[in-house]
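Undergrad: Just so you know, the sequences run in chain order A and B. At position 129 of the first sequence (counting the first as 1) the number is 130 in the working numbering, and the numbers step up by one without a gap. At position 132 of the second sequence (counting the first as 1) the number is 605 in the working numbering, and the numbers step up by one without a gap.
In case anyone wonders, no lab produced these hints; they're calculated from the structure. Here the structure is a predicted model, which means the values were calculated and not measured. Idealized CB from N, CA, C, for every residue including glycine. Be aware that one or more of the hints could be misleading.
[Unchecked claim] List of simulated lysine-lysine pairs, DSSO-like, C-alpha gap at most 27 Å:
#1 825/B with 204/A
#2 90/A with 694/B
#3 90/A with 692/B
#4 188/A with 90/A
#5 825/B with 794/B
#6 794/B with 90/A
#7 188/A with 126/A
#8 188/A with 33/A
#9 796/B with 90/A
#10 694/B with 33/A
#11 775/B with 794/B
#12 774/B with 694/B
#13 126/A with 796/B
#14 774/B with 796/B
#15 90/A with 846/B
#16 825/B with 126/A
#17 796/B with 825/B
#18 126/A with 190/A
#19 764/B with 774/B
#20 33/A with 204/A
#21 694/B with 764/B
#22 33/A with 190/A
#23 692/B with 774/B
#24 764/B with 775/B
#25 774/B with 794/B
#26 764/B with 692/B
[What the hints assert, rightly or not] Some chain A residues flagged as far from chain B (calculated, every beta-carbon gap over 12 Å):
#27 29
#28 34
#29 35
#30 62
#31 93
#32 126
#33 133
#34 188
Listed here are the chains, written in short residue letters.
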Amino acid sequence: MYVRMSKRVYENNVLDMFSLLRDNRAVMAEFKSFFPLQVSRVHEVCGAGATAFAAMACGQADMRVLWLQTGWQIEQLNPAGLAAFMSPKNLVLVEVENHNDLLACTEDGLRSGAVDLVISVATQKLDLTAGRRLQLAAEQGGSTGILIIPEGAGSNATQTRWHCSPIFKGNHISDKNLTLQHWQLIKNKIGTLSGWKVYWDAKAHRVIVVSEDGQ
Amino acid sequence: MQLGLASGMGLSDAKALCPDLLTRSADQYADDRFLKLLARWADRYCPWVGFDGNDGLLLDVTGSTHFFSSEAELLADIHDRLQSYQLNVRSGLAGTIGGAWAVSHFGRGVVPNGQLKAALGPLPAAALRLDEATCATLQRLGLRTIGDLLVTPRATLGRRFGLPLMRRIDQAFGDQPEQINAMAPDISYAARLNFPDPIGLYDDVMAALERLLQRICDKLKGQEMGTRVLLMTCQRVDQASVQVELRLARSMREGMTILPLFERSVGELDAGFGIDQIRLEALAVEALPLKQLETGNAQSKKNDVLSDLITRLGSRIGLEKIKRFQPADSHIPERSFIVSPAAYCEPEGQWKEQNLRPLQLFSPELVEGHEKKPPNVFSWRRMRFSVAAATGPERICPEWWLDDPNWRSGVRDYWRVETEQGRRLWMFFTPLNPAWFVQGEFA
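Turn these sequences into a full structure, and let the hints guide you.
TA: What follows is the structure, encoded as structure tokens:
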């Protein structure tokens, strides 16, 4: 194996993980009030790390997941990669042909309550009616919905909206598999907005918060 | 016949015997189909109808002859009816299958009880359903009739001809049992409802459907069967018919569970000027044994709810579009899993611990760079990336036993590339045709 590191240093990413984790309890507690996402609601997520966000949401508990996407999409889910987050056994993949089918199937999935989590990869903007319908369906079925949307294409009916982007962890951290993400809560119906730097702990099956924005 | 023609004869031999012979090629399938039809028709005489080779039927009329006052009357009735269809048949009725076969092929009529020996005695030995070689040998030995065989000591016959001949003799006289392989009854799971006045409202159609489902499901329950495909045909007043097909994700026979699954397609139905007949048919029927009622087993209940959801989605976008991942034994990233329809497979299989794999895969996208080591900067999807760290290589060889056009470029060296922009990509280098590609993205 061959590892090469660039010489440049990034100030904003200089994180001494372990010292930060020590006095992290309060940040973690606040984060927990948002992140295992509120059930019976639909949430939206956008950004380059949106799929990772959805995968981590699946991984938090042993959940049954319905994953909907359009069949012609270039990026396809890789179960071998998903296995680090959740067992692909618990996932049912639905490939639809157009946006309307996607919304209809998402609504059916949320309303039936047969799965704990419905993740749907939208490619177009959602209008308020569609968003509200999904919200009502989620309330009726008791499932949580996550819509992966293009940036700025969300509907106002969503409970929370997250912007996720992967960030470079800095050169001095030796754990090669550590993948740092920056999650920003950019819309929240019932609370304040904030942002966190998090990573996925595959052994504990948990999202670990490294730091909160502005600290 | 009189010219010496027989079945199984060569065409040139037959032409030699009868120069103006009319020939037509045999259609075995049509013959079989016809025989099956005839077997269904023969249901009118008794429930046990079996096939005798490919040119005969066996009927077990025990207990059903009194409907025709006597056995001879029954045979006469069969002949009369078939005559009216312009069919010439040979028939025989006896206490055993072997006896009836002998009489039908070499005699005629009914053999009364207890007179089997007397009736079969004068018939030739071939009436015992023997093969040609045995018949020829018997002929040569002077044992021409069944009576001749009966007076010959069994031990001698057994030593000379072995078990088959003895078995045939015993079967003909009822000393050994023989069964008819009766055709399985052809049960159709269909129900029909005619309306005195045409209907067109959603609720009316659903109510009619409920009654039809009840009838079909009762039948399915009685036979311990379940259905996977239901077809509803609505005959409209304007002579047109509309069909609605419901494909289920698991076999079911609970009418109350199936009915809501019809809701969407019935809602989209075009009733025109009204529907005056609805026919519901269970097309794919499979065995579904009765099960012990489970209480408190949340898992199986959840599975059922999920199957219903799959059915519901399937009725909208097609059942084959709903899939499940199953592990496959391959190092090739895109072949390390199988995607199969969720309705026809169970969630199973062990996902092995592998090297780190990306969460998303796509078909390889070319980026610049021809060096063995990852390029320092590259552009991908109109974005500029500079490499911060790269881990690798992990060499994956193509599977030589499968010719995959995507892998014609030879072995690949896979690298996990962390960019300073944050995104972590899965890139590979093909040493045989030096080039860099991006194939996946990590979480």
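Undergrad: So which hints don't hold here, by number, going up?
TA: 2, 3, 4, 10, 15, 16, 31
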